[in-house]
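All chains, please: the whole structure from these sequences, using the hints.
Number of protein chains: 4
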Amino acid sequence: MSELFQIEFKVRDYECDMQGIVNNANYLHYLEHTRHEFLHHIGLDFEKLTREGILLVVKRIELDYSLPLRSGDSFIVDCQTQRISPLRFGFIQSIRRLEDNKSIATARVIGTAINRLGRPFLPPEIDQAF
Amino acid sequence: MSELFQIEFKVRDYECDMQGIVNNANYLHYLEHTRHEFLHHIGLDFEKLTREGILLVVKRIELDYSLPLRSGDSFIVDCQTQRISPLRFGFIQSIRRLEDNKSIATARVIGTAINRLGRPFLPPEIDQAF
Amino acid sequence: MSELFQIEFKVRDYECDMQGIVNNANYLHYLEHTRHEFLHHIGLDFEKLTREGILLVVKRIELDYSLPLRSGDSFIVDCQTQRISPLRFGFIQSIRRLEDNKSIATARVIGTAINRLGRPFLPPEIDQAF
Amino acid sequence: MSELFQIEFKVRDYECDMQGIVNNANYLHYLEHTRHEFLHHIGLDFEKLTREGILLVVKRIELDYSLPLRSGDSFIVDCQTQRISPLRFGFIQSIRRLEDNKSIATARVIGTAINRLGRPFLPPEIDQAF
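Chains as they are written, first to last, in the working numbering: chain A, 18 to 147; chain B, 18 to 147; chain C, 18 to 147; chain D, 18 to 147.
Hints were generated in silico from the structure; no laboratory data involved.
Hints should not be assumed to be uniformly reliable.
Note that the list lumps identical chains together, so a pair holds whenever it fits in one copy or between two copies.
[Claimed, not checked] With a cut-off of at most 25 Å between alpha-carbon atoms, the simulated SDA-like pairs for lysine to any residue come out as follows:
(1) Lys-65 <-> Gly-37
(2) Lys-27 <-> Arg-113
(3) Lys-76 <-> Ile-131
(4) Lys-27 <-> Leu-104
(5) Lys-76 <-> Asp-95
(6) Lys-65 <-> Arg-136
(7) Lys-65 <-> Leu-139
(8) Lys-119 <-> Ala-146
(9) Lys-76 <-> Ile-59
(10) Lys-76 <-> Arg-114
(11) Lys-76 <-> Asp-144
(12) Lys-76 <-> Asp-117
(13) Lys-27 <-> His-50
(14) Lys-76 <-> Ile-127
Okay, here's the thing in C-alpha cells:
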C-alpha cells in the first residue's frame with residue numbers, strides 16, 4: 018500500500034439534509050475530491066485525462082458509516098492505493114472527525130479507466146501509481 | 018424478500034459531471050429517493066419520523082456500477098427489503114436503463130434507526146416491514 | 018413570448034436541508050432541467066451542442082422565493098422564452114405547488130452561447146427559438 | 018455597509034457539469050456557505066437558530082455570472098451586509114478567481130427570518146448585524 022495522503026474539509030450546511038446530518042451521498046463527494054487531489058499530487062490530472070478521452074470511472078464502492086457529520090464539523094479524508102487487478106485499481110479511504118479523531122466512515126473504492134469507445138485503457142501513470 | 022417496488026427516473030443534465038456521465042454520488046440520490054418512496058408506499062413517512070426524532074440512517078452501502086447513465090437516459094430503480102439483524106434492515110436495489118433494460122448498477126444498502134440520543138430504536142413499522 | 022412549456026416534479030428528500038425545506042440552490046436545478054427539456058422539445062439537444070463545442074451558459078439569474086417546497090410536494094415548473102438582445106436569450110420561469118396551485122418561486126434566467134474559444138456564438142436554432 | 022468577510026474555496030470536480038465548468042447552481046452553494054461562515058463570525062449559528070425554530074430563508078437572489086470556474090481553480094467568496102427593510106436583510110457577495118483576481122460572479126441575496134409558524138421573526142442578533 019502507498020503512503021497516506023489526506024486533506025481537510027469542513028461541513029457546509031447545504032450538505033446536511035432534514036435530519037441535520039450530512040446526507041449519505043455527500044460522503045462520496047468528499048471521497049472523490051480527495052482521490053482527485055491525490056491523483057493530482059502524483060501527477061495525474063483528472064480533467065486533462067477527461068479531455069484526452071480517458072475516463073477514470075468508479076466500478077464499486079463499499080462504504081461503512083460509523084458516526085454522522087454535522088454542521089460545523091471539520092474532518093480529514095485520506096486515501097491510500099491498492100492494486101486490485103491488471104485493469105482495476107483501488108482506493109482505501111477513511112473519514113475522521115478532527116475534533117476527537119473519531120472514525121466517521123471507511124470506504125473501499127474500485128476504479129478502472131476506459132477510452133472514448135468504452136474499452137478498458139489504463140494510462141501508464143495510473144499503472145505505475147498502483 | 019419483499020415484492021419488487023420500482024419507480025422511473027430520467028437523467029437531469031446537472032447530474033452529469035465533466036465526463037458527460039452521471040456522477041457516482043448521484044446514484045446514491047436515486048437509490049435514496051426510491052427507498053423513501055418505497056417506505057411511503059408501505060406507510061412510513063421519512064419526514065414525519067425525522068420530526069418525531071427517529072432517524073433512519075444508512076450504515077453501509079455496497080454499490081456496483083456496470084454502465085454509466087447519460088443525458089437523456091430514462092431508467093428504473095427498484096427496491097426490495099431484506100432483514101439483516103434485529104437492529105439492521107437491508108435494501109437490495111438495482112438500476113436498469115429503460116431503453117434496453119441493461120443493468121446500470123446494483124446495490125445493497127443497510128440501514129438502522131436511532132433516536133434523538135443516538136441510541137438504536139427500531140420503530141415497529143420498520144420492524145414489521147422487514 | 019412563446020407558448021408555455023411545463024413539466025412536473027416531486028421533491029426528493031435529499032433536496033431538503035436541515036431546515037426541512039428544499040435548499041435554495043436546488044431551485045436552480047429544477048429550473049435548469051425544465052429549460053433543457055424545453056430546448057429538447059424545440060429540437061435543441063444541450064448535450065449534443067456541448068459535444069459540438071457550443072456552450073449554452075447562464076449569464077444572470079433573478080429568482081424570487083415565495084413559499085418553501087417540502088418533502089412530498091409535487092410541483093410544476095414552466096418556461097417561456099424572451100429575446101433580450103442579439104446575443105442574449107431569456108427564460109421566464111415559475112414554480113407552482115401542484116396541491117393548491119400556489120406560487121413557490123418565479124425566475125428570469127438570461128443565457129448566451131459561446132464557442133470553444135469563449136467567443137459568443139448563437140446557434141441558428143437558438144436564434145430562431147427566441 | 019459592513020466590513021468585508023471572505024473565505025477561500027477550491028473547485029471540486031463533482032461541481033463541474035458536462036460543459037467542464039462549475040454548474041450554475043453550485044455558485045449558490047458557495048455563496049450560502051460564505052454567508053453561514055460570516056454569520057458564525059458575527060456570533061450567529063445557523064444550525065442553532067434552526068434547532069430553535071428560527072429559519073433564515075432566502076427571499077431573492079440576483080446573480081451575474083461573468084466567467085466560469087473550472088477544475089483546479091481556487092477562488093475567494095466575500096460577503097457584506099446591507100439592510101433592506103425592517104424584516105429583510107441583504108448580502109452583497111462576489112466571487113473572484115484567486116490566480117488573476119478576475120471577477121467570476123457578483124450577487125445580491127435578500128433574506129428574512131421566520132418562526133415555526135411561518136411568521137416573520139427577526140432575531141435581535143440579525144437585527145443588530147444589519
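Now for the hints, and whether the structure bears them out:
1. Lys-65 <-> Gly-37: Answer is between: at 11 Å across copies they meet the 25 Å cutoff, but 37 Å inside does not.
2. Lys-27 <-> Arg-113: Answer is both; intra-copy 11 Å and inter-copy 21 Å each pass.
3. Lys-76 <-> Ile-131: within (11 Å within a copy, 31 Å between copies)
4. Lys-27 <-> Leu-104: neither (34 Å within a copy, 31 Å between copies)
5. Lys-76 <-> Asp-95: both (20 Å within a copy, 20 Å between copies)
6. Lys-65 <-> Arg-136: Answer is both; intra-copy 19 Å and inter-copy 22 Å each pass.
7. Lys-65 <-> Leu-139: within (15 Å within a copy, 27 Å between copies)
8. Lys-119 <-> Ala-146: neither (29 Å within a copy, 33 Å between copies)
9. Lys-76 <-> Ile-59: The answer is within: 21 Å in one copy meets 25 Å, while 32 Å across copies does not.
10. Lys-76 <-> Arg-114: between (27 Å within a copy, 17 Å between copies)
11. Lys-76 <-> Asp-144: This pair counts as within: shortest intra-copy Cα distance 17 Å, inter-copy 33 Å.
12. Lys-76 <-> Asp-117: Between copies only: 21 Å across, 33 Å inside.
13. Lys-27 <-> His-50: both (13 Å within a copy, 10 Å between copies)
14. Lys-76 <-> Ile-127: both (6 Å within a copy, 19 Å between copies)
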